[in-house]
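> Read off the chains here:
2 protein chains.
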Amino acid sequence: MAPRKQQEIFDATLWMVAEKGYDGLTVEGVAERSGVNKTTIYRWWPSKAALLGAALVESDVLAFEPPDTGSFRSDLVALVEQVERLLTEPPGSDIAVAALAAAVRHPELDARRFFADRFARERVVFERAVRRGELSGSADPLLIMDLLAGAVWMRTVLRGMPLPDGFAKKAVSALLDTF
Amino acid sequence: MAPRKQQEIFDATLWMVAEKGYDGLTVEGVAERSGVNKTTIYRWWPSKAALLGAALVESDVLAFEPPDTGSFRSDLVALVEQVERLLTEPPGSDIAVAALAAAVRHPELDARRFFADRFARERVVFERAVRRGELSGSADPLLIMDLLAGAVWMRTVLRGMPLPDGFAKKAVSALLDTF
Chain A
1 MAPRKQQEIF DATLWMVAEK GYDGLTVEGV AERSGVNKTT IYRWWPSKAA
51 LLGAALVESD VLAFEPPDTG SFRSDLVALV EQVERLLTEP PGSDIAVAAL
101 AAAVRHPELD ARRFFADRFA RERVVFERAV RRGELSGSAD PLLIMDLLAG
151 AVWMRTVLRG MPLPDGFAKK AVSALLDTF
Chain B
1 MAPRKQQEIF DATLWMVAEK GYDGLTVEGV AERSGVNKTT IYRWWPSKAA
51 LLGAALVESD VLAFEPPDTG SFRSDLVALV EQVERLLTEP PGSDIAVAAL
101 AAAVRHPELD ARRFFADRFA RERVVFERAV RRGELSGSAD PLLIMDLLAG
151 AVWMRTVLRG MPLPDGFAKK AVSALLDTF
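Chains A and B, in that order, give the protein sequences. Per the working numbering, residue 1 is the first one in the first sequence, and the count goes up by one each step. Per the working numbering, residue 1 is the first one in the second sequence, and the count goes up by one each step.
Bound conformation, chain A alone (with noise of 0.2 angstroms):
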């Protein structure tokens, strides 16, 4: 399939679920959005959940490339700000919000591999760190993303607050200074 039809398949299941949630995401719905037949959807995905996980990691609506500040601690600041506002601008935010309570309630629409590529992506920052001395090779990176992608999740989505400003800056010196 042609990348940028595959792409109007992808925006029109990330809308769908972000405006009808989960339950009310249809293949069918996607066809007649993205002007395509549901029978060649299927043939590439076999099912609902199959379309929006491969919606979810591979749409440009919520692409990710890693930040390369030049410090360990601005690359982080700057991770944390990519949450920001994946949780707080829509689209991404109705759209990561609606998938998330999908995901949850619906194991078979498998979530973990968006968390599971953006950390692949996220690792990066991590090893440029450790190769400047600015990290060591001990620590952990997948703990250190879910203590900082976590707190914006918990502060957003859980707490339903709003975020003050400089939260990003705050939650990185709580990591990296002392108190």
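Any given hint could be a false lead.
[Said to hold, decoys possible] The calculated EDC-like cross-link candidates involving lysine to aspartate or glutamate, where the alpha carbons are at most 16 angstroms apart (straight line), are:
1. LYS20(B) x ASP140(A)
2. LYS38(A) x GLU28(A)
3. LYS170(B) x ASP140(A)
4. LYS169(A) x ASP140(B)
5. LYS20(A) x ASP23(B)
6. LYS169(B) x GLU65(B)
Please keep in mind that the hints were generated in silico from the structure rather than gathered at the bench. These figures come from a predicted structure and were not determined experimentally.
Dock chain B against the given chain A, drawing on the hints supplied.
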């Protein structure tokens, strides 16, 4: 209403949301399960959102006592372990995850109350640490809890990964010790 009766209603509410999700939760079902008249339930909680909101905060099933181990570090480890139990041990985990998914899609179900209530109780750990001189008075307890509790949500619910042994200790150490 007698406290014991109220707990039976909350139990029925939490079990029903864990089993059937928020969409499957009905005041009729809770009435049947708890043996309380439907109109009585409505007199106390005007909607199923109000009922679930009250159950999340007031049920003994999700009861929470802040730890008091004598040191800030081990209090924090105990707090993280409580979140771990909440998110990994049934029935708490089924309830927490189902209620979260519901809260995200139904803002009228005020999940903030649950998190606000927990944080109000967690605060004492930080106040004691400041009094003992283990923590600066300018530290931000909400941010620290966002980082620590968020890490558990991230690893278990969002990434869908098991918690390794010693996760709580490592998370606290990442925060309190330098890398």
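> Determine for every hint whether it applies to the structure shown.
Outcome of the hint check:
1. Distance check on the hinted pair: LYS20(B) and ASP140(A) sit about 37 angstroms apart at the alpha-carbon level, beyond 16 angstroms; violated.
2. Distance restraint check for LYS38(A) and GLU28(A): the Cα-Cα separation of roughly 6 angstroms lies within the 16 angstroms cut-off, and the hinted pair is therefore satisfied.
3. Distance check on the hinted pair: LYS170(B) and ASP140(A) sit about 9 angstroms apart at the alpha-carbon level, within 16 angstroms; holds.
4. Distance hint between LYS169(A) and ASP140(B) is fulfilled; the C-alpha atoms sit about 13 angstroms from each other, no more than 16 angstroms.
5. For the hint linking LYS20(A) to ASP23(B), the alpha-carbon distance of about 14 angstroms falls within 16 angstroms, and the restraint holds.
6. Between LYS169(B) and GLU65(B) the alpha-carbon distance is near 19 angstroms, which puts this suggested pair outside the 16 angstroms criterion.
Comparing the model with each numbered hint stated earlier shows that hints 1 and 6 do not hold.
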